[in-house]
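S.K.: Take a look at the letters that make up each chain.
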Amino acid sequence: MSTITRRHFLTTTIAAGTGLLGVPALGTAQGKEIVMLGIWPFTGAFADVGPLLDRGMRLAIDEWNNKVIGRPIKYITRDDETKASSATRRMEEAIDSEGVKIVIGPWSSGMALACTEVAKRRKVFYYFSGGTEDIAGKRCHRYAFNWAASPYTAMHVVVDNYMRLNPTHKRWYLFVSDFAFGWSVEKYTREAGSHHGIEFVGADRMPLGTREYSGFVSKAAAAKPDVLCLLNAGQDVLVSIREAHNFGLAPKVTLLNSWGVGTEDFLQLDPKTRENFWVGTNAYYGMNTPVAKKMTEMYQAKYNVPPGYAPCAAYGMTRLTLRAIEKANSAEPADIVKALEGWETQDWPGKVWVNPKTHQTVRDYMLLRCKKPDQMKHATDFADIVAVSGQPTMPDSMNECKDIGSL
Amino acid sequence: MNVAFFAGAILNGLVTGMLYALMGVGLSLILGLLNIPNFAHGVLYALGAYVMISAGKAFGFLGGALTALAVVGLLGAVIEYFGVRRLYRVHSDYILLLSFGLSLILTESIILVWGPVGITSQPPAFLTGGIDLGVTVYPKYRLAVMFITTALVLGCYLFVTRTRYGAILRAGIEDKDMAAALGINIRRVFTLTFAVGTGLAGLGGALMSPVRGLLPTMGIDILPFAFVVVVLGGLGSLPGAILAGLLVGVVQSLMTAIWAPGADASVFALMTLGIIARPQGLLGRR
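Just so you know, the sequences run in chain order L and R. So for the first sequence, our numbering puts the first residue at 1; every next one is plus one. So for the second sequence, our numbering puts the first residue at 1; every next one is plus one.
If you're looking for bench data, these hints aren't it; they were derived computationally from the structure. Just so it is clear, the structure is predicted and the values come from calculations on it, not from any experiment. Even glycine gets a Cβ: it sits at the ideal position worked out from N, Cα and C. A few of these clues could be false.
The calculated DMTMM-like cross-link candidates involving lysine to aspartate or glutamate, where the alpha carbons are at most 25 Å apart (straight line), are [as the list claims (entries may be wrong)]:
{"hint": "1", "chain 1": "L", "residue 1": "Lys338", "chain 2": "L", "residue 2": "Glu117"}
{"hint": "2", "chain 1": "R", "residue 1": "Lys140", "chain 2": "L", "residue 2": "Asp226"}
{"hint": "3", "chain 1": "L", "residue 1": "Lys224", "chain 2": "R", "residue 2": "Asp132"}
Covered stretches of chain L (chain R as the covering partner; in silico rule of three or more C-beta atoms under 8 Å from a C-beta of chain R) [stated by the list, open to error]:
{"hint": "4", "segment": "40-54"}
{"hint": "5", "segment": "83-95"}
{"hint": "6", "segment": "261-269"}
Among the chain L residues that face chain R by a calculated CB cut under 10 Å, a handful are [unchecked claim]:
{"hint": "7", "residue": "Asp178"}
{"hint": "8", "residue": "Val217"}
{"hint": "9", "residue": "Lys219"}
{"hint": "10", "residue": "Ala221"}
{"hint": "11", "residue": "Gln235"}
{"hint": "12", "residue": "Ile241"}
{"hint": "13", "residue": "Arg242"}
{"hint": "14", "residue": "Phe247"}
{"hint": "15", "residue": "Gly248"}
{"hint": "16", "residue": "Lys272"}
{"hint": "17", "residue": "Thr273"}
{"hint": "18", "residue": "Met298"}
{"hint": "19", "residue": "Ala301"}
{"hint": "20", "residue": "Val305"}
{"hint": "21", "residue": "Met376"}
Please work from the sequences and hints to get the whole structure.
M.R.: Now the structure itself:
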């Protein structure tokens, strides 16, 4: 008769326990699952945008039926809290605990500049869409890519086309978000403006999340501008628009949000406050490309509203990443990087080309003009696309990414 | 910078300051009686704005604002009666946790009912546009908000200092047990005070919605300033809350005009200086 000794029990238990714990570890080690991290703001100043970004990324993964190159995709998210410290800490934690090798996000340039350093150090693939020039500029490295148009191109598309249509509007007042995004778009707004004789009659820099804009609007009104150019972000844009209307500055004076989210902002504004409101954006649901049209259909069917810049960007970055994985037939960061570098293809924005020297996605940018309430054909017929262009591209001499480095 | 510019900045400060005072008075009443900071005060401000936007469709702007006052006030009474009251006998940390929890639940409820995306609210038609004050042109609606909040805050002050119920309230703040021993139904006083305090927050949210718009997290933006007002003015002091509200609003607005990035920091610097100079608050008692 055999009896179970204490030693036998312990040995068996430890062996079984090790086996149970080891199975998932082996699964991960063998790379069965491809873990993709969406690092989005679910709390903080951009809390309203996080769920929309999440929707966009999920939509792309659903389109691939949660599988790429025959391997299941595990999509996980982390809340960056709209704080650089939280974003980097949670990105590191996801890399360590979940085996993440592909990171998409966050929403804010300030957070992205911190996350890109983590991507560089941990050698994970990193895609971001935003207004800072530094991801594909002086902070460039082989693992990081920027999906949004370069702020140089974007501000030229906005300023050149606005001035073509309104050549007498030469007095501009700037509201600038005081962080990396605002600094980049201000720099190129001024640069583009210098080609049109624009006089910048004033500029205020305000911290992200400012809710009291009355003082700024009073200052702007006193400068008697033709254009109040909003180089701010998130709810700050909406608060400044409301105040401009409260003070009677708009719609008399043009409100121009050079780097806007489009649809989500339009949905939050009363039609009257959209009058004489112009928006430069990376994505609008009226974009006439096959991928954009299909994405809009899928998004509207699922959420009953058209997508704005946030879901389009998350969808576009995820889609291009999944296609790069297929092209490389590998989900290893270095292989995805090589697959994207120098790739010219058709995707959400139409023709895109990933500049191998800077990792800037070279693509079109749009200028929209909002419709008056009586011009709208339906509830979401917000704006006319008055210009779509990817020109001019930033001259190499201006780009501060001089050596993108090695893998 | 000229006279018009500074006049505008001071007017902006007074409008914001009166809103802070309104929030501070409500918070101060609750703090004075219950000895706890109500962390759900910010989300009740947000709820007021959302109730106003829904009720306003049926009853117009004024009806919507009054509905916000009533609904949020009633909710405050319910919170006190079914929640806070049950925790008076345990450590005050539990009431703090309750108010934190309620804040999260109500924020998520707002998202569930009205959605995560912000909403714009328009002022009534007769209050749109600006009015020429001689030194500057100023939005009519903001002036109206300033007058309404001033009237409300003064009304609260007079109610607390000149009426019999106000005397009972002050007695409750001074010594709850003694007031109860004298036959005052102190529990009912607590419930009514909670309702009035939260109702004022709801009305503040309703009045400010055309100025700042609606967002589920809008309460988080204002809550720190309401606390600054209470601390700076003196815990439980209504005149202190009014004075501190105005001071905070004007300093913040002037700082915005002079050096915008320091606007919010200046408010906290003001509080720090206030605490150092007068630990009991501007009009508080030691």
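S.K.: Each of the hints needs a verdict: does it hold here or not?
M.R.: Results for each hint:
A threshold of 25 Å between alpha carbons decides the hint, and for Lys338 of chain L with Glu117 of chain L the separation of about 19 Å falls inside it, so the pair holds. A C-alpha spacing of about 23 Å is found between Lys140 of chain R and Asp226 of chain L, which places the hinted pair at or below 25 Å, so the restraint holds. Proximity of Lys224 of chain L to Asp132 of chain R is assessed by CA-CA distance (about 16 Å); at most 25 Å being required, the pair is judged to hold. Coverage of the segment 40-54 of chain L by chain R holds [criterion: at least 3 residues with CB-CB distance below 8 Å; count 3].
With 0 residues bearing a CB less than 8 Å from a CB of chain R, the segment 83-95 of chain L misses the requirement of three and the coverage assertion fails. Note: the segment 261-269 of chain L has 4 residues with beta-carbon separation from chain R under 8 Å; the three-residue rule is met and the coverage holds. A distance limit of 10 Å between C-beta atoms decides the matter here; for Asp178 of chain L the minimum to chain R is near 6 Å, and the interface restraint holds. Restraint check, Val217 of chain L versus chain R: the minimum CB separation of about 9 Å is within 10 Å; hint holds.
A least Cβ separation of about 7 Å between Lys219 of chain L and chain R falls short of the 10 Å threshold, and the interface hint therefore holds. At about 8 Å, the closest approach between the beta carbon of Ala221 of chain L and any beta carbon in chain R falls short of 10 Å, and the interface hint on this residue holds. Satisfaction of the interface hint for Gln235 of chain L is found here, the shortest Cβ-Cβ separation to chain R being roughly 6 Å, below the 10 Å cut-off. Satisfaction of the interface hint for Ile241 of chain L is found here, the shortest Cβ-Cβ separation to chain R being roughly 9 Å, below the 10 Å cut-off.
Against a cut-off of 10 Å between C-beta atoms, the interface hint on Arg242 of chain L holds, since the closest Cβ of chain R lies about 6 Å away. Restraint check, Phe247 of chain L versus chain R: the minimum CB separation of about 6 Å is within 10 Å; hint holds. Because the beta carbon of Gly248 of chain L sits about 4 Å from the nearest beta carbon in chain R, less than 10 Å, this interface hint is met. Because the smallest distance between the Cβ of Lys272 of chain L and any Cβ of chain R comes to about 7 Å, under 10 Å, the interface hint for this residue holds.
At its closest, the beta carbon of Thr273 of chain L sits 6 Å from a beta carbon of chain R; the interface hint therefore holds under the 10 Å criterion. Restraint check, Met298 of chain L versus chain R: the minimum CB separation of about 19 Å is more than 10 Å; hint violated. At about 18 Å, the closest approach between the beta carbon of Ala301 of chain L and any beta carbon in chain R exceeds 10 Å, and the interface hint on this residue is violated. Given hint, Val305 of chain L at the interface with chain R, holds; its Cβ is 9 Å from that chain's nearest Cβ, closer than 10 Å.
Hint status for Met376 of chain L relative to chain R: violated, with the closest Cβ pair at about 16 Å, above 10 Å.
Of the numbered hints stated above, those contradicted by the structure are hints 5, 18, 19 and 21, listed in ascending order.
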